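Residue numbers (this note's numbering), protein chains in the order written: chain Z, 1 to 336; chain S, 1 to 336.
For the record, the hints were derived by calculation from the structure and aren't laboratory data.
Among these hints, one or two may not hold up.
Straight-line alpha carbon distances no greater than 27 Å define the calculated DSSO-like cross-link-like pairs of lysine-lysine that follow [stated by the list, open to error]:
#, chain 1, residue 1, chain 2, residue 2
1, S, 318, S, 10
2, S, 167, S, 110
3, Z, 144, S, 142
4, S, 213, S, 199
5, S, 318, S, 199
6, Z, 142, S, 142
7, Z, 142, S, 144
To spell it out: a stretch of chain S is covered by chain Z in this simulated footprint if at least three of its residues, at any positions, have a beta carbon under 8 Å from a beta carbon of chain Z; those stretches are [claimed, not checked]:
#, stretch
8, 55-68
9, 237-249
10, 252-258
11, 267-281
The structure displayed is predicted, hence computed values, not measured ones.
Backbone N, C-alpha and C fix where the C-beta goes; we use that ideal spot for every residue, glycine too.
Number of protein chains: 2
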Amino acid sequence: MAVNRQWILKKRPVGDVAPGDLELVETPVPVPGDGEMLVRNIYLSLDPTNRIWMSDMDQYMPPVEIGDVMRGGTIGVVEASNNPAFKPGDIVQPAMAGWQEYVVTSAAGKVAASKDTPMLAYMSGLGGTGATAYFGLLDIGKPKPGETVVVSAAAGAVGSIVGQIAKLKGCRVVGLAGSDDKCKWVVNDLGFDACINYKKENVLEALRRECPKGIDVYFENVGGEILDAVLTLVNLEARIPLCGLISMYNADGPVPGPYMFRNILMKRVLVKGFIVIDYLPRWGEFMRDMSEWIAAGKVKWRVDVAQGLENAPEVMQKLFTGGNTGKLVVQIGPEP
Amino acid sequence: MAVNRQWILKKRPVGDVAPGDLELVETPVPVPGDGEMLVRNIYLSLDPTNRIWMSDMDQYMPPVEIGDVMRGGTIGVVEASNNPAFKPGDIVQPAMAGWQEYVVTSAAGKVAASKDTPMLAYMSGLGGTGATAYFGLLDIGKPKPGETVVVSAAAGAVGSIVGQIAKLKGCRVVGLAGSDDKCKWVVNDLGFDACINYKKENVLEALRRECPKGIDVYFENVGGEILDAVLTLVNLEARIPLCGLISMYNADGPVPGPYMFRNILMKRVLVKGFIVIDYLPRWGEFMRDMSEWIAAGKVKWRVDVAQGLENAPEVMQKLFTGGNTGKLVVQIGPEP
Numbered sequence: 001m002a003v004n005r006q007w008i009l010k011k012r013p014v015g016d017v018a019p020g021d022l023e024l025v026e027t028p029v030p031v032p033g034d035g036e037m038l039v040r041n042i043y044l045s046l047d048p049t050n051r052i053w054m055s056d057m058d059q060y061m062p063p064v065e066i067g068d069v070m071r072g073g074t075i076g077v078v079e080a081s082n083n084p085a086f087k088p089g090d091i092v093q094p095a096m097a098g099w100q101e102y103v104v105t106s107a108a109g110k111v112a113a114s115k116d117t118p119m120l121a122y123m124s125g126l127g128g129t130g131a132t133a134y135f136g137l138l139d140i141g142k143p144k145p146g147e148t149v150v151v152s153a154a155a156g157a158v159g160s161i162v163g164q165i166a167k168l169k170g171c172r173v174v175g176l177a178g179s180d181d182k183c184k185w186v187v188n189d190l191g192f193d194a195c196i197n198y199k200k201e202n203v204l205e206a207l208r209r210e211c212p213k214g215i216d217v218y219f220e221n222v223g224g225e226i227l228d229a230v231l232t233l234v235n236l237e238a239r240i241p242l243c244g245l246i247s248m249y250n251a252d253g254p255v256p257g258p259y260m261f262r263n264i265l266m267k268r269v270l271v272k273g274f275i276v277i278d279y280l281p282r283w284g285e286f287m288r289d290m291s292e293w294i295a296a297g298k299v300k301w302r303v304d305v306a307q308g309l310e311n312a313p314e315v316m317q318k319l320f321t322g323g324n325t326g327k328l329v330v331q332i333g334p335e336p
Numbered sequence: 001m002a003v004n005r006q007w008i009l010k011k012r013p014v015g016d017v018a019p020g021d022l023e024l025v026e027t028p029v030p031v032p033g034d035g036e037m038l039v040r041n042i043y044l045s046l047d048p049t050n051r052i053w054m055s056d057m058d059q060y061m062p063p064v065e066i067g068d069v070m071r072g073g074t075i076g077v078v079e080a081s082n083n084p085a086f087k088p089g090d091i092v093q094p095a096m097a098g099w100q101e102y103v104v105t106s107a108a109g110k111v112a113a114s115k116d117t118p119m120l121a122y123m124s125g126l127g128g129t130g131a132t133a134y135f136g137l138l139d140i141g142k143p144k145p146g147e148t149v150v151v152s153a154a155a156g157a158v159g160s161i162v163g164q165i166a167k168l169k170g171c172r173v174v175g176l177a178g179s180d181d182k183c184k185w186v187v188n189d190l191g192f193d194a195c196i197n198y199k200k201e202n203v204l205e206a207l208r209r210e211c212p213k214g215i216d217v218y219f220e221n222v223g224g225e226i227l228d229a230v231l232t233l234v235n236l237e238a239r240i241p242l243c244g245l246i247s248m249y250n251a252d253g254p255v256p257g258p259y260m261f262r263n264i265l266m267k268r269v270l271v272k273g274f275i276v277i278d279y280l281p282r283w284g285e286f287m288r289d290m291s292e293w294i295a296a297g298k299v300k301w302r303v304d305v306a307q308g309l310e311n312a313p314e315v316m317q318k319l320f321t322g323g324n325t326g327k328l329v330v331q332i333g334p335e336p
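Chain Z with its partners taken away, still in its complex shape (with noise of 0.2 Å):
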């Protein structure tokens, strides 16, 4: 009997995701109904957000249920398929396929992979990540040029992108990361204007040196002492799209929201909520600018990919430590 090996949600976390929070156990290889068809799991997805799935806090959508698989994006490849839309061999999304090797669905995003175009540009600047980036930006943001745009979490997965998305808008662009590589990277590489060592510096300080006609963008991945050295500095009618407040997400006690918060009265401040999935009616219009961006070497990408579905608990928590740069994924398997 062939087996699945799938991560199952035993308790909801307190605090850091702990040992026994999750059990790694085997079931068998699900077999397709009329319809449907066996996808295997190639890369899964690592995100901030999939903390908060683990937690039973007010979410977006409903957490994971206790005794259910963990939730979790992929791509992967068909195996056996009941559906006429779909044939073995082609490279898939399936709709949240979890955190597991097989995963049977009628639905599932095919994708055009190639040389030019590997499977985890699926996973980063040309999936959900980039287009979280994009719309977030443009949408909310909507950078004009000369304006000072700021990036939490600037060598992440989304904050690397939005960086690069915001030059391209002729703006200036001041990325804050946890390490002088980190900072390196996205000021040697994907030419942020500058980025602070926020571990290193006075963030306040180093904002103020950095951003020296204010603040009119903050696209914002983190919360907490970040936030409120923004909103010292925001400029009138700034824009805050709100993507991510990881800092809170492993919080075991009440969190303040900023001691600034009335910055965003004084300065008139636009401060938005947004979940990526909010834009699928409009994902043509940034598989277009991306595409076009990304062979047009204007806008990079970059994966850091761990091997081994038994290592994701782990993985997963280089997202609360900052130890990945650019887009945190685990390879399940080879690639076909």
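Please arrange chain S on chain Z, whose structure you already have, making use of the hints.
Quick look at chain S alone, frame taken from chain Z:
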């Protein structure tokens, strides 16, 4: 020599405004130069934002300088004019006339006061107060029929008008106020669907009861615990026009933002700070609609008039203790 009494800002208050922070002085009545006019102030508007102007926190216009006349809006009568556009007897609103009996200015808005539209209407429903309610609710809150609109400081100058406009737009309207009398007024006289006395009830529980379909628009005047309770109950894509944060203005230390800040992300909420002066170019729109609504009895305004310029600092405290119902005004001198 005719005397002009003026309140001068002597030092920046720490916490509540205290005796000695402002000083009442007597100076000669100023003489208008070329193109100028002398206005005798009759009513002085007292607003929560006055407290902001007394501080040196980062704010939306420069703070009042120490030694300067305290800033404030008034309505008055022209006593002498070297400006062909104005003649003695005209009723005018000088641009930021200040806490004083007389002001010399070249810029003022002329108003057509009458029995049906008394001077005090221009200090409330037809003034900046009404415009704040109108633009904040309609331009940012964008209430749709059937939605639930929550208003804090519901018996205050702005909140009382916000709720009435939201009713005109077909919404369920729930107010929050600090006494049973205020709650009775907004429900029985202004037509709110419900009003919660936040001093007597658990706000979160009461909002849950009164907003069974969640909260779509929250017109924010207050901040603090009420904002946290609202953020706990917001619907997807809720809108929060951020008009004021009165609970923070007298703080003498850092005040945390809402603990439920993360729900701005989770529920894709829009938060937008605004100041009514941003809407000056659209004032005509407001005057057209609001005049019609007031004339038709669809929107009622109420003023709370205290006597005597000498009492202004003490009267202003009512805004922070919940002592006023409707728009708080000080009468400086008799109407002509």
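Do the hints match the structure? See the list:
no., hint, in the structure
1, 318/S - 10/S, "holds, 21 Å"
2, 167/S - 110/S, "violated, 31 Å"
3, 144/Z - 142/S, "holds, 26 Å"
4, 213/S - 199/S, "holds, 24 Å"
5, 318/S - 199/S, "holds, 16 Å"
6, 142/Z - 142/S, "holds, 21 Å"
7, 142/Z - 144/S, "holds, 26 Å"
8, 55-68, "holds (count 4)"
9, 237-249, "holds (count 5)"
10, 252-258, "holds (count 5)"
11, 267-281, "holds (count 10)"
The structure fails hint 2 only (numbered hints given earlier).
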